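Asks: Chain by chain, the residues run as shown.
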Amino acid sequence: MNIRAGSRSPGLRNALARLPEGGLERQAIEAGEIDAVIDYGSANVILFPAAQRALRIAARRASAEGLEAAFEAPVANSVLAALPRADYQRLLPGLEPVTLKFGEVLHEPGAPIRHVYFPVDCVVCLLTRTEGQRTIETGLVGYEGMVGIVLALGVALSPVRTLVQAGGTALRMSAACFDSELQRCPQLQRELYRYACVEMAQARQAVACVASHVFEQRLACWLLMTSDRLKSPEIQLTQKCLGTILDVRRVSVTLASGSLQSRNLIRYCRGKIRIVDRRGLEAASCACYSSIEALHMT
Amino acid sequence: MSRRARKPRVPAEGFTTVVMLRLYVAGDAPNSLQAIANLEAICAEYLKNGHKLEIVDVLENPRRAMAEGVLVTPSLIKLSPQPPAQMIGNLSDKLRVLLALGLKPSVE
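Here the protein sequences come in this chain order: S and X. Under the working numbering, think of the first position of the first sequence as 1, with each following residue one higher. Under the working numbering, think of the first position of the second sequence as 1, with each following residue one higher.
Chain X with its partners taken away, still in its complex shape (with noise of 0.2 Å):
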C-alpha cells in the first residue's frame, strides 16, 4: 500500500475544505428529527464549520427531491467534495455516515 493510502483521508483536526450537504427529510416525523440530531451531531464534532447543511422537507417540496432521485426520507447527500455520496436512514450509524462522507478511512 502506497504511503499516502495509508494516510487518513480526512483528519478530524485542521478541516479545510467546506463540505456540502443536503439533508431529506419529511416534516417533524421521528427519523428525520433523529437524522438531523445524528447528523449535527457528527458535524459539530467533525466538521466544525467546515461544512454547508441545507435540509429540505419533502412535505413542502417533493419535486426537490425527485430531482435529486431521491425515494426515501431522511436521505443525507454528500453534494461536495467529490465524490457524491448518500446515506439512507436515521444516521445513528456513525461509523457508516463517517465513511460516506469520507471523514473516516475506508480501511482502520
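Same shape as in the complex, but just chain S (with noise of 0.2 Å):
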C-alpha cells in the first residue's frame, strides 16, 4: 500500500513499513486520520509532518501567550513600573529573575559592575567603607529603586559595597545590555538620572543623620525605611548584624533598641524586629526618615 503522509522522513517510512499489511492503521493513515506512529525499535513516537507543524504552531502559540502574560503581570519595581509599556516590554527580554540570599555582595568597592538589579521585595543596603573593613550604611534600595546606579551615569566601577539586607526576588540585566538599553530608551535614561538624584540625596541625608542625630533616632528612621522597602513591618535581622550595617557597638544596638522596646514601639526577638507601632516610631525617629521619604515621591 502506498502511504502518502510522511514519505519525506525515513524514520517516518521505516516505521510504516512495520505496520501490517492490510491493516486497520493503514486504512486510517491512508483517510489521513492518523497523526503518529509508534516506533516499537526505538521506543520513540514519530510524527505525520501534518501533526508536527500543527504541534510547532500550537507550543509558537503557547509561548507567545506566556510572554504576553508576563507583560500584563503587575511591575513590581518602580522604575520599570514608571516605563511606558513598550519600553518595558523591549526591557523585558533581558530582565531575568533572581533569589538574592541575605549576607550576599552584589558589588564590591572599585570592582566592574556586572549585574544591575532591580529589586523587587529584596532589600539591599549601600555600604561605604570607613577605615578598613569597616563601613556605614549611606543608602538602602528596595523595590523603589536599581542597583548599580552609577552604571547609569557612566561609571563601571562600583563606589560602593552592596549587600543584601533581606533576601527576596530581584529583576538582574547584565551590564552590557543595561548600557545599550539605556542609549536606546530616553524614558529609561530620564527614570534613572531621576533615582540617582534620589540617591546621592539620600546619602547626604544619611550623612546628616550620623553627624547631628542620636544613634537611637538613626535606627528608628532606619527600621522605618526598611520597612517601607519591604513592604512589611517584620524586618529579620541581628542586632550584630545592625551593629555592623550602621556602624555601630553591638551594646549601642542593644540600648536602643531595647529603649524603643520599652516604649512599646517595636518588639524584639530571636532575630525579628516588629514594628508594633508606627505612628510612634515615626515620632521616635528623627526629622530624616520624612526627608527621604519626600524625596521619592518628588
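Think of the hints as simulated: they come from the structure by calculation, not from any bench. Source: prediction; values computed, not measured. Positions of the beta carbon are idealized from the N, C-alpha and C atoms, including for glycine. There's no promise every hint is true.
[To be verified] Just a few of them, taken from the derived set where beta-carbon distance is under 10 Å, the chain X residues facing chain S:
| no. | residue |
| --- | --- |
| 1 | Ala-26 |
| 2 | Gly-27 |
| 3 | Asn-31 |
| 4 | Gly-89 |
[As the list claims (entries may be wrong)] Label pairs and their calculated CB-CB ranges:
| no. | chain 1 | residue 1 | chain 2 | residue 2 | range |
| --- | --- | --- | --- | --- | --- |
| 5 | X | Val-18 | S | Pro-93 | 48 to 54 Å |
| 6 | X | Ile-55 | S | Arg-267 | 27 to 33 Å |
| 7 | S | Lys-240 | X | Glu-54 | 55 to 61 Å |
Starting from the two chains in their separate frames, assemble the complex, guided by the hints.
Replies: What follows is the structure in C-alpha cells.
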C-alpha cells in the first residue's frame, strides 16, 4: 500500500513499513486520520508532518501567550513600572529574575559592575567603607530603585559595597545589555537620572543624620525605611548585623532597641524586629525619615 | 433469529454498565484533538455518566502505548465490558464507533 503522508522522513517510512499489511492502521493512514506512528524499535513516537506542523504552531502560540502574561503582570519595581509599556516590553528579554540571599554581596567597592538589579521584594544596603573593613550604611535600595545606579551615569566601577540585607527576588540585567538599553530608551534614562538624584540626596541625608542625630533616632529611621521597602512591619536581622550596617557597637544597638521596645514601638525577638506602633516610631525617628521619603515622592 | 439476538444490545437510555475507555493521542495534533471531541460527544450522547475515559498522551508516555500494543494514534481501546475493542483514527465515523463500543446492534 502506498502511504502518502510522511514519505519524506526515513524514520517515519521505516515505522510505516513495519505496520501490518492490510491492517486498520494503514486504512486510517490512507484516510489521513493518523497523527503519529509508534516505532517499537526505538520506543519513539514519529509524527506525521501535518501533526508536527500543528504542534509547532500550538507551542509557538503557547509561548507567545506566556510572554503576553509576563507583559500583563503588574510591574513590581517602581523604576520599571514608570516606563511606557512598549519600553518595558523591550527591556523584558534582558531581565532575568534572580533570588538574592541575605548577606550576598552584589558589588564590591572599586570592582566592575557586571549586573544591575531591580529589587522586587528584597532590600539591598549600600555600604561605604570607613577604615579597614569597617563600613557604614549610606543608602537603602528596595522595590523603588535600582542597584548599580552609577552605571547609568557612565561609571563602570562600584563606589560602594552592595549587600543584600533582606533576601528576596530581583530582576537582573547584564551591564552590557543595560548600557545598550539605556542608549536606546530616553525614558529609562530620565527615570534613572531621577533615581540617581534621589539616591545622592539620600546619601547626603544619611551623612547629616549620622553627624547630628542620636543613634536611637537613626535606628527608628532605619527601621521605618527598611519596613517600607519590605512592605512588611517585620524585619529579620540580628543586633550584630544591625551594628555592622550602622557602624555602631552592638551594645548601642541593644540599648537603643531596648528603649524603643520599652515604649512599645517595636518588639524584638530572636533576630526578628517587628514594628508594633508605626506612628510612635515615626515620632521617635529623626526628621531624616520624612525628608528621605519625600524625596521618593518627587 | 432468536428473540435475544434481535434486541438492541445496549439501549441509549437506562445504561447501567460502566464502559471503560482509553484513548491514545499525540498531544494537540489535529486528529488527536478531533478524536477527543468526537469521543466526548458520543459519550455525552450515549453513555452519559456511565463511562470512564482515560486519555493517554503518547508524546509523554510512549511506553504505555507500547505495553498495550498500540501502533498509531489516535487509537481508542474499549477495556470493558467484554469483549475488548479497538478503534483507529479520529473517530469521525460515529456509527463505526458505536458498533465498536457495542452501543448499536451490529444488524440494524
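Asks: Has the hinted range 55 to 61 Å been met by the Cβ atoms of S/Lys-240 and X/Glu-54?
Replies: Distance hint for S/Lys-240, X/Glu-54 holds at roughly 59 Å.
Asks: Going by Cβ atoms only, is X/Gly-27 closer than 10 Å to chain S?
Replies: This interface hint holds because 6 Å falls under the 10 Å limit.
Asks: Is the gap between the beta carbons of X/Val-18 and S/Pro-93 within 48 to 54 Å?
Replies: holds, 51 Å
Asks: Against the range 27 to 33 Å, how does the distance between the Cβ atoms of X/Ile-55 and S/Arg-267 compare: consistent or not?
Replies: violated, 55 Å
Asks: Under 10 Å is the threshold here; is the Cβ of X/Asn-31 close enough to any Cβ of chain S for the hint to stand?
Replies: Where the cut-off is 10 Å and the nearest Cβ of chain S is about 5 Å from X/Asn-31, the hint holds.
Asks: Given X/Gly-89 as an interface hint, is its Cβ closer than 10 Å to any Cβ of chain S?
Replies: holds, 4 Å
Asks: Given X/Ala-26 as an interface hint, is the shortest Cβ-Cβ distance to chain S below 10 Å?
Replies: Holds, about 4 Å.
Violated hint for the displayed structure: number 6, the only one.
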